[in-house]
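Visitor: Chains as they are written, first to last, in the numbering used here: chain G, 1 to 80; chain Y, 1001 to 1109; chain R, 2001 to 2255; chain X, 3001 to 3114.
Be aware that one or more of the hints could be misleading.
Claimed, not checked - Listed below are the simulated BS3-like cross-link pairs for lysine-lysine, each with C-alpha atoms no more than 30 Å apart in a straight line:
no., chain 1, residue 1, chain 2, residue 2
1, G, Lys75, X, Lys3051
2, R, Lys2114, X, Lys3051
3, Y, Lys1041, R, Lys2114
4, X, Lys3098, G, Lys75
5, X, Lys3098, R, Lys2114
6, Y, Lys1064, X, Lys3051
7, Y, Lys1093, G, Lys75
8, Y, Lys1093, R, Lys2029
9, X, Lys3098, R, Lys2029
To be verified - With the C-beta cut set under 10 Å, the calculated list includes, among others, these residues of chain R facing chain G:
no., residue
10, Thr2130
11, Gly2131
12, Leu2134
13, Gly2148
14, Pro2152
15, Gly2158
16, Val2161
17, Asn2173
18, Ile2249
Unchecked claim - Covered stretches of chain R (chain G as the covering partner; in silico rule of three or more C-beta atoms under 8 Å from a C-beta of chain G):
no., segment
19, 2090-2099
20, 2238-2247
What the hints contain is simulated information worked out from the structure, not anything from laboratory work.
In this text, a Cβ means the ideal position worked out from N, Cα and C, and glycines have one as well.
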Amino acid sequence: MSALIWIAGGMMVVAAVFAVEAKRILDSVIAMSALSLISVFLFIAMRAPDVAITEAAVGAGLVTAVLLVTLFRMKGGGDE
Amino acid sequence: MSANVVIGDILLAIGAFFYFLGGLGILRMPDVYNRLQAGTKATTLGTFSTVLGVGIAKPEFLLKTLIIIAFVALTNPVGSSVLARASYLSGIKPCDCTKVDEYKGGGEE
Amino acid sequence: MRRLYAILVAAGLIYMLFVFLGTLPLYGKVDLSNRVSAHFLAKDVNSVDVKKWVEGDKQVPSREKIYGRKGFEDESANVVTSIVVNYRSFDTLGEVTVLFASAVGIGLVLGGMKRMGYGRKPNFILRVSTGILLPLIIMFGIYIFVHGHLTPGGGFPGGTVIAAAVLLLYLSNEEFVANMKTSKSLEGSMGSLYVIFGLAGLATGGAFLFNFLPNGVVGSLFSAGVVPLVYMTIGLKVGSELSGVVAEIHEEREG
Amino acid sequence: MVYGISIILIGIGIYGLMTQKNLFKHIVSLSIIDTAVNIFIVATGYVSNGKAPIYTRALPGFSPNSFVDPLPQALVLTAIVIGVGTLALGASLLVRVKEKHSSINVENMKGVGE
């Protein structure tokens, strides 16, 4: 279990760096969604099923959808 | 070790093998559509097999796993077809080796 | 240059937090008997000696304390929902208020009459499968918050799943517009119903949001006193609130 | 262990807030910090080999120290939902900023500073 937590943490760090440094904003939003999805595994490993369900519904579903819709409304938003 | 645990383990191994095939397909296929096809087909069967394996190994979960299988069978193909259509409409070209393009014109009925 | 400064500041902050970690117990080595929640896990605030209880003494909560005695706290199987509704109910009230304020803010910032279109007609597969999936998704959301005191879940994830169903409607139908009047009235009535439950507790038990219903047996659907009722109101309120957010984010002004 | 992961994520979020000039990246960085803090709070309540805090039918045979601390989980449960509300508010404010200043990059905004 410990090794799995380390792997998940490494993936989260990689996703966070990619979300911060990505050139296109769309990539950044997708990386952030992936980070939320991996954090669900950490919550389950810490025996918090309620938090895991909420994070899976909110972080991977609703936040991503809201950010993508606003990105669509901004017509791509100023890329860097 | 009873028989149902052995059958469940075999099903889990089959599911893991299909997941591996899905990942291999995503690495090896040339363009978006082929990758989507490989990923969706392989992971759908892999999910069926792993979830059913859990249900057979622990018979008290069997009904719940059947419901999960029904949900995955409903949602997974729809999601991949919508993804493929969106990527086609936003202008991603299929690779050069594609011979037939039946979706030309947007696919409206 | 800016990146270098940023890396330095972030590294300093990380070092500071790692030093601060020395004051916390190690990961997984928490002494629960020092925590307030140990009293709650013992299902009794007065008679169980919590220190001995955590160490494994045999004065575990006796059977009649767990199965169906009208205690000071109510007995729901999922301890987290019980804490959310009973110990920290004012927190939940404030949280619902914050959510209401943010929904009103989004409505003020993005208000409009016309619905934003995606410019692409959804195809046949998506429309047909939406008709099949939508009742299942809404039923799943309702299941989550009705069974919140027995299984993992509760009002917040249930409401979010219902909002996801509304989002699916918006994605699959280019003309669909949510009825904002229904959403607002449902949300307002559910918010005031929560306060009414609190006032009923004040009238019968002497404390705001007191648990005034019989507790029943742990594990059955009609148990845990006021928890299922409060979670139903919270679930409907969060669901209509987030559906309103999803609907408002699709609105745009004329021209 | 999980403490370290969440602290590194907080550091990455702070770094993103300081370096990026695009306002959308600021929202993404704030969301990363949000997730990291939630993981930290839940990690403070974890007990080794603990079980999820749900009473089941097998209750009379359970050992008393077998639950993890449920209080941080209850706090995080509300924090996540507040997070999505404030995030949606920030995103809608960004839409207005884009309409008014024709860009969301801090250096290219029209009518700011100069």
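Visitor: Would the hint on R/Gly2158 be counted as holding, given a Cβ-Cβ threshold of 10 Å to chain G?
Guide: 9 Å, holds
Visitor: Closer than 10 Å between Cβ atoms is the bar; does R/Asn2173 clear it against chain G? Give me holds or violated.
Guide: 15 Å, violated
Visitor: Going by Cβ atoms only, is R/Thr2130 closer than 10 Å to chain G?
Guide: At 15 Å from the nearest chain G Cβ, R/Thr2130 fails the 10 Å test, so the hint is violated.
Visitor: Would the pair R/Lys2114 and X/Lys3051 pass a check requiring their Cα atoms to be no farther apart than 30 Å?
Guide: Violated: R/Lys2114 and X/Lys3051 sit about 50 Å apart, past 30 Å.
Visitor: Given the hint that Y/Lys1064 pairs with X/Lys3051, test it: the Cα-Cα distance must not exceed 30 Å.
Guide: Within the cut-off at roughly 21 Å; holds.
Visitor: Taking 10 Å as the limit, does the beta-carbon of R/Pro2152 come near enough to a beta-carbon in chain G?
Guide: 4 Å, holds
Visitor: Count the residues of the segment 2238-2247 of chain R whose Cβ falls closer than 8 Å to any Cβ of chain G, and tell me whether that reaches three.
Guide: holds (count 3)
Visitor: Given R/Gly2148 was flagged as interface, is its beta-carbon under 10 Å from a beta-carbon of chain G?
Guide: Cβ of R/Gly2148 sits 9 Å from chain G, so the hint holds.
Visitor: Can R/Val2161 be said to touch chain G, with a Cβ gap under 10 Å?
Guide: 6 Å, holds
Visitor: Keeping to a limit of 30 Å between CA atoms, is the pair of X/Lys3098 and R/Lys2029 held or broken?
Guide: 49 Å, violated
Visitor: Below or equal to 30 Å on CA atoms is what counts here, so check Y/Lys1041 against R/Lys2114.
Guide: Given pair Y/Lys1041, R/Lys2114 is violated - Cα atoms ~40 Å apart, limit 30 Å.
Visitor: Double-check R/Ile2249 for me: the hint is only fine if its C-beta lies closer than 10 Å to a C-beta in chain G.
Guide: 5 Å, holds
When the structure is compared with the earlier hints, violations turn up for hints 1, 2, 3, 8, 9, 10, 11, 12, 17, 19 and for no others.
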